[in-house]
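**Q** Protein sequence lines correspond, in order, to chains A and B.
For the first sequence, position 176 (counting from the first letter as 1) is numbered 176 according to the working numbering, and the numbering increases by one without interruption.
For the second sequence, position 265 (counting from the first letter as 1) is numbered 265 according to the working numbering, and the numbering increases by one without interruption.
Just so you know, not all the hints are guaranteed correct.
[To be verified] Capping the alpha-carbon separation at 30 Å, the derived lysine-lysine pairs in DSSO-like fashion look like this:
#1 Lys426(B) with Lys249(A)
#2 Lys148(A) with Lys63(A)
#3 Lys63(A) with Lys429(B)
#4 Lys426(B) with Lys380(B)
#5 Lys380(B) with Lys63(A)
#6 Lys164(A) with Lys429(B)
#7 Lys63(A) with Lys164(A)
#8 Lys63(A) with Lys426(B)
#9 Lys63(A) with Lys249(A)
#10 Lys148(A) with Lys426(B)
#11 Lys148(A) with Lys215(A)
#12 Lys248(A) with Lys164(A)
#13 Lys148(A) with Lys380(B)
#14 Lys429(B) with Lys215(A)
#15 Lys44(B) with Lys249(A)
#16 Lys116(B) with Lys182(B)
#17 Lys248(A) with Lys426(B)
[Said to hold, decoys possible] FRET-style restraints, in silico, Cβ to Cβ:
#18 Phe140(A) with Pro80(B): 31 to 37 Å
#19 Phe224(A) with Glu119(B): 53 to 59 Å
#20 Ala158(A) with Lys127(B): 31 to 37 Å
#21 Asn241(B) with Ala207(A): 33 to 39 Å
#22 Thr59(B) with Tyr258(A): 22 to 28 Å
#23 Asp56(A) with Glu90(B): 33 to 39 Å
#24 Lys249(A) with Thr173(B): 45 to 51 Å
#25 Ala158(A) with Ala272(B): 37 to 43 Å
#26 Ala158(A) with Val134(B): 43 to 49 Å
#27 Tyr258(A) with Thr428(B): 25 to 31 Å
#28 Gly285(B) with Met83(A): 57 to 63 Å
[Stated by the list, open to error] Interface residues of chain B toward chain A, partial, derived using beta-carbon atoms under 7 Å:
#29 Ala81
#30 Asp387
#31 Asn390
#32 Ile391
#33 Tyr394
#34 Tyr413
#35 Pro424
#36 Leu425
#37 Ile427
#38 Thr428
#39 Lys429
Bear in mind the hints are in silico, worked out from the structure with no lab data behind them.
Computed from a predicted structure; not experimentally measured.
From the three backbone atoms N, C-alpha and C, an ideal C-beta is built for every residue, glycine too.
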Amino acid sequence: MKKQPAEVKKLSAAVALLAAVAVLAGPARAQDAEGAGIRVRPGLGIEHFSRTVSWDEAASTSKLVVSLAVLRAEVELATAGRMALFAGYSLSNFNGLTFRQLPFSLEYQAGTIGSLLWGADFEGRVAGFGDIEVGVAAQFAMSLGRAKEFEAPSLNAAGTVDGKGTWSRILAGPLVRYAGYENFTPYLSVSYNRLWGTFTMSESIGALSGVEEKKITGRGSVGFAFGAVFEPSASVKVQGELTAVPYKKLSGGLDTDYGVAIKAVISI
Amino acid sequence: MRRLRAVAGGVLGAGLAAYLAFAAAGSPSAADDGLFVPGQVLLKFKPTATAAMKALALTTLRTRAQALISPLDLYLVRIPAEATVEEAVEAFGRNPDVAYVQPNFIYRACLTPNDKYFEDQYALFNKGQQIGWVPGSPQGKPSADIHATAAWEETTGLAHTVIAVIDTGVDLTHPDLKNKIKGPGYDFVNGDTDASDDNGHGTMVAGIAAAETDNYEGIAGVSWNSKILPVKVLDQAGEGNSAAIVNGILWAANNGAQVLNLSFGMPAKDNALEEALKYAYETKGAFIAAAAGNDNTAVYYPAAYDRYVCAVAATDYLDLRATWSNFGAEVDVAAPGVNIISTFPVALTPAGFPSYKFDSGTSLACAYVAGLAALVRGLKPSLTPADVANIIRYAADDVNAAVYGGPDMFVGYGRINMEKSLVPLKITK
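Okay, chain B solo, but in the shape it has when bound (with noise of 0.2 Å):
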């Protein structure tokens, strides 16, 4: 009787493991997934069929028609709730009334903007494509880029996000910027509050890291929905001093900006600059990032004042590092600053040509990193500008890991990565 008892308790315990195995092994349908919506599905009768064919049809697997697409003669159809829509796709495929039946799948934005240029700016979206609208321009390599597109469908930023772009100026008026700027800024330069752009550095500055997005116009911006604040700081011919950039990165750290991107610099130590930088940095929680350089040389101050400044580098279409890229310790990402089109002031614009251009430079790599951390801001407005700067650290591709492994001076710890920044992490193990 005592065997008797343990040979049908161990038959009722391997049963429940087995079930329990199968049941918690299971792996989830595509519909767990979100490919297609569940309990649904999409079925078209064969011109043939009668309908009391179709009705047969429905009311033997007991599903019922929910809607019909008529000018196809399509069927939303319903299913039980206890078979799948796998299930229900394999029975109605085995009627010979049935001309087709499939899941009623769902499809999603994947955020690619609809901006005129958008297509050359191989920054965000690198699928390989001609770099430049010139003849024999060269080819991009496919995901050469910064990864927006997947970036996008998780923020495409937040209108109280602030990025300061003191530099030359903004063309106020451009297109693809005028509604994007908060306020007229000030010009240091002038001393006035007219922070027009009579050189055209930062308007391009500015349309890389928030042009207005996804308005049939020009190119989109990294931050689609942050506000430009602009700071002139630089004169027509693109130089500024001190005084002019001290101030500047006060008022726009006192006037609201979260981001400053500064695209300048100087290989000399500049103690009042550093100490206006500390004040946005320490005492406003501005996150700066600033240009490394142009010169194949160290690092340029402000950039290289490491403990508040996001230094940046450049890479170009093909992920290798831009030959004249500034280089040091104090490098903290790249991005890409080979070749890129960004707004261009209408006024210094020759006519009949459009108000965008073609330029390289760490000055123009830098605006993706303040554009990138504009969005990190607007999603989690509670870190602080070191949490941001490491976000974008931890999460750039190391594109030079095949010469230099981990952080280098060159790249710092690599090319920015939107994706990685933004969008939700797989935890699978």
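The following block holds chain A by itself, in its conformation from the complex (with noise of 0.2 Å):
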């Protein structure tokens, strides 16, 4: 049997913590003022993407790999929509940054590094047309990133590798939706789509000793989501969805980046 990373059992236990705190402060948390139209309901988010970032002024690029895991404070602004902030741990896969600047190159492959990671997200209902409604969302999130000590390469000289990264992203747009189902509301939506970040390596080897920050962008600048909201009942509400964010590869031809997330919220 294949030994989890820690990292990863550290992000599944998260996750199982937050399932729970979500549960038992559920009862406790979630304000019913339907008087005041609005209600204040916990959930849980996780996400999984994959991104091509470019970096050295886009002349390389590689995968920017991503799971991460959120408790989710929504608040549904009666008819007009819902926002919601977040936090939580996400899981990011840097491989294949290369730092040429240093006294020795390094290439990073020691896969995922945790961190902590807030945003905030909203969508807001525009107009109706029968069935089909249209509205706006967007989400900001940011992975605060965590200084990490790398096992440094096997020289003549005892040394040491650090690294942090850290990723932000920002979506914007328009959405379409249909809501001609008791219990489950289908959606597509076009976004702006901006993820950027840093990744700082340090390296100090012998008497040698650098640092070299290399700023990543996200290929691609469109995105396209299609998902669903599930209500199987009034206290839950389960939301799944699938992106793609195409782009032009630097040797030409497009290609496509996927993700999918799901959010679940409960309240009782």
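Taking the hints as your guide, dock the two standalone chains into a single complex.
**A** Shown next as structure tokens:
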């Protein structure tokens, strides 16, 4: 049986903890203030996405692969929409980033780095045409990064290698949903989808030392999402979403990055 | 009710955790490793397959033929974005009408140069070949080399990196060198601007460091693109005096040489020489490599000027220290110096023979270090000469670790390793 990396175990434990907190805190925190048209509901969200990022002035690319789990606090704004704050933990894999300005060039292949993450999202209704609703959606998320020490390469001098990667993402755009089903609301959206960040690698080997900061930028800036909200009961809402971000490859031609997100909101 | 919620939450949490564990732990596919082109496979149908069968096979898997390599009736097939190449190969492989299906593999040039005598350059790529042209010559040992071919994938050097060969001069007309010479240089023996080689030693050094490479001619140089600045300070007999050498070092440093190769020596201190080295190193930022000497005794000067010079000992085709290589605490690294083939002046070569020669000595070992230093400087121009020396030292292979672990007086930090010096080192945990 394959041993899970420590970061994955941490994230799994964090998810389980968040789930427990959400369920136990639900009754206490959920404020059903229907008279005021506002409901605050706790929830959970998970997401996994891959994004091609370019660096060195767009001369090189690699994949940023992220898995995240967050605890959400959603505020339903009556018929106007909803907004949410979220915070949680992300595992970000920056494999492939190469640092050639350090005395000894380094290629990052150490896998995921765990980090706290926070953000907010908003979904608003703009107009309705029968069962078709038109709205807007936006999200900001930021992975704060965590400095991590890695095993220095095997050389004739002892050394240390440290790295810290952060990223932020902003999404904003229109969405169209079909509200003709009772508990199931599919939707499509197009969004401006920008991802940016930095990875700072420092190296100290014998008498040599150096620091190199690599600015990363997500390839492509328009994303497409297809998702659905499923509400099996008044107290449970589950939302699933598939995203695609087409981008132009450095070598020419197009390719696409994909992601999947699941959100669950529970209130009783 | 509370218990039900707790159970539901636990199940949800466990599910999420399992999902994230799966998502995070998933190992990258071979496509991620760049072994083949993502989203494409090469597909060949059996001769019995009709056009309808082919179309059905393609549409069933929602693929489309992107191109046809007609002489082989081989299709380049685009697969749907949600499918991996592995899945497509497996799915097509189950089709009885398919003769074979495979990924569209990615091939990469290994940058093995096409130079005629590259096979004889065990120092650059040792695969256990015979060392020398004489029947009965010894065999090399695989990997007892400076790992040049892997390093060349990272860099083959820059034309503005100049290696000064401060020696007997350089054959300016040699077919493997004439395009690499940065000007006629200077002759401090005869006091003119013609630094032609009347001995052969400097031409051998120049060829090792930076012979024209991948030109179907002669040998490969360590730094393919660097230029050679010929500075003649040794006469026809291979001898020179302090004044000429000091002048040569100062002239080279003042004329843009970022790397100085000093493949000569003598056992006594020389204050004037030391001062010239200090100027080149500290004031002009030149990296200086010098030969340790070939007398199985203490390291010669200038190699023994530890503060400014990278002293180079010699190893052989088995990664063993050459028995005649000088030794001492000043030795920084070693490089192959036994039975080394290099360029030799055309004018000094007997008619009918190629203008290349096998020879041995720390002089030749030194030239490998000079070539490597030029590659490092080209790749990382902001590094100081001390940084360059440390990269070369730290990346060396400690070939005598079984006897002398760590730096020692015979091979210093070890035999140089171009790959570890230049290619990005993988940080894996």
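**Q** All hints, please: hold or fail.
**A** Hint check:
{"no.": "1", "hint": "Lys426(B) with Lys249(A)", "result": "holds, 24 Å"}
{"no.": "2", "hint": "Lys148(A) with Lys63(A)", "result": "holds, 19 Å"}
{"no.": "3", "hint": "Lys63(A) with Lys429(B)", "result": "holds, 18 Å"}
{"no.": "4", "hint": "Lys426(B) with Lys380(B)", "result": "holds, 18 Å"}
{"no.": "5", "hint": "Lys380(B) with Lys63(A)", "result": "holds, 26 Å"}
{"no.": "6", "hint": "Lys164(A) with Lys429(B)", "result": "holds, 14 Å"}
{"no.": "7", "hint": "Lys63(A) with Lys164(A)", "result": "holds, 16 Å"}
{"no.": "8", "hint": "Lys63(A) with Lys426(B)", "result": "holds, 16 Å"}
{"no.": "9", "hint": "Lys63(A) with Lys249(A)", "result": "holds, 12 Å"}
{"no.": "10", "hint": "Lys148(A) with Lys426(B)", "result": "holds, 16 Å"}
{"no.": "11", "hint": "Lys148(A) with Lys215(A)", "result": "holds, 18 Å"}
{"no.": "12", "hint": "Lys248(A) with Lys164(A)", "result": "holds, 27 Å"}
{"no.": "13", "hint": "Lys148(A) with Lys380(B)", "result": "holds, 26 Å"}
{"no.": "14", "hint": "Lys429(B) with Lys215(A)", "result": "holds, 22 Å"}
{"no.": "15", "hint": "Lys44(B) with Lys249(A)", "result": "holds, 28 Å"}
{"no.": "16", "hint": "Lys116(B) with Lys182(B)", "result": "holds, 24 Å"}
{"no.": "17", "hint": "Lys248(A) with Lys426(B)", "result": "holds, 27 Å"}
{"no.": "18", "hint": "Phe140(A) with Pro80(B): 31 to 37 Å", "result": "holds, 32 Å"}
{"no.": "19", "hint": "Phe224(A) with Glu119(B): 53 to 59 Å", "result": "holds, 55 Å"}
{"no.": "20", "hint": "Ala158(A) with Lys127(B): 31 to 37 Å", "result": "holds, 33 Å"}
{"no.": "21", "hint": "Asn241(B) with Ala207(A): 33 to 39 Å", "result": "holds, 35 Å"}
{"no.": "22", "hint": "Thr59(B) with Tyr258(A): 22 to 28 Å", "result": "holds, 23 Å"}
{"no.": "23", "hint": "Asp56(A) with Glu90(B): 33 to 39 Å", "result": "holds, 37 Å"}
{"no.": "24", "hint": "Lys249(A) with Thr173(B): 45 to 51 Å", "result": "holds, 47 Å"}
{"no.": "25", "hint": "Ala158(A) with Ala272(B): 37 to 43 Å", "result": "holds, 39 Å"}
{"no.": "26", "hint": "Ala158(A) with Val134(B): 43 to 49 Å", "result": "holds, 45 Å"}
{"no.": "27", "hint": "Tyr258(A) with Thr428(B): 25 to 31 Å", "result": "holds, 26 Å"}
{"no.": "28", "hint": "Gly285(B) with Met83(A): 57 to 63 Å", "result": "holds, 58 Å"}
{"no.": "29", "hint": "Ala81", "result": "holds, 6 Å"}
{"no.": "30", "hint": "Asp387", "result": "holds, 6 Å"}
{"no.": "31", "hint": "Asn390", "result": "holds, 5 Å"}
{"no.": "32", "hint": "Ile391", "result": "holds, 6 Å"}
{"no.": "33", "hint": "Tyr394", "result": "holds, 4 Å"}
{"no.": "34", "hint": "Tyr413", "result": "holds, 5 Å"}
{"no.": "35", "hint": "Pro424", "result": "holds, 4 Å"}
{"no.": "36", "hint": "Leu425", "result": "holds, 4 Å"}
{"no.": "37", "hint": "Ile427", "result": "holds, 5 Å"}
{"no.": "38", "hint": "Thr428", "result": "holds, 5 Å"}
{"no.": "39", "hint": "Lys429", "result": "holds, 5 Å"}
Comparing the model with each earlier hint shows no violations; every hint is respected.
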